[in-house]
Amino acid sequence: MKPVVAAMAALTLATPVEAQERKSVAPKAMQAVAPGLAGYTDEVLFGDVWISPALSPRDRSLVTVSALIATGKTAQLAGHLGRALDNGVKPDEIAGVVTHLAFYTGWPNAVSSLEVIEKVFTDRGVDMASLRAPPSARLPAPASDAARARTVTATIGPVA
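So the sequence shown is numbered by my numbering: it starts at -11 and just counts up by one.
In case anyone wonders, no lab produced these hints; they're calculated from the structure. Since the structure is predicted, the reported quantities are computational estimates derived from the model, not experimental observations.
No more than 30 Å apart at the CA atoms, straight line, and that leaves these computed lysine-lysine pairs for DSBU-like:
1) LYS61 / LYS107
2) LYS16 / LYS107
3) LYS78 / LYS11
4) LYS78 / LYS107
5) LYS61 / LYS78
6) LYS61 / LYS16
7) LYS11 / LYS107
8) LYS11 / LYS61
9) LYS78 / LYS16
Taking the hints into account, I'd like the entire structure generated from these sequences.
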């Protein structure tokens, strides 16, 4: 383990001037309190993972925003929402993600994200009136829904 620590220290000391002059994406508090974590954030997370060709920046942003909403991590959401919009995720897609995730990850996670999303949309000049889907746009419940509900009630209801 000691060789790994020594190598990391050597790499830190040998950081090129260009890398030191690049603007950090790490939050200011992280830079002040945990500069090592800020370095990993800049060099590994955003310097390597985010530029990986495995996912397009748009898709990576959509997944990241979804994960933050699903897990209730609203403190990190604003920055990633801005990045998502910059990477081509449309505001109506973000609205759809919130709606969809409410059913899978819980209403509180979705609702908790709304103030952050609204602030980012307002700051970015997003026309939120265009996000309002008329009631006719909602999908009707399938005919099989009543039978499914009866089955769930009969099989899981007694336990739940």
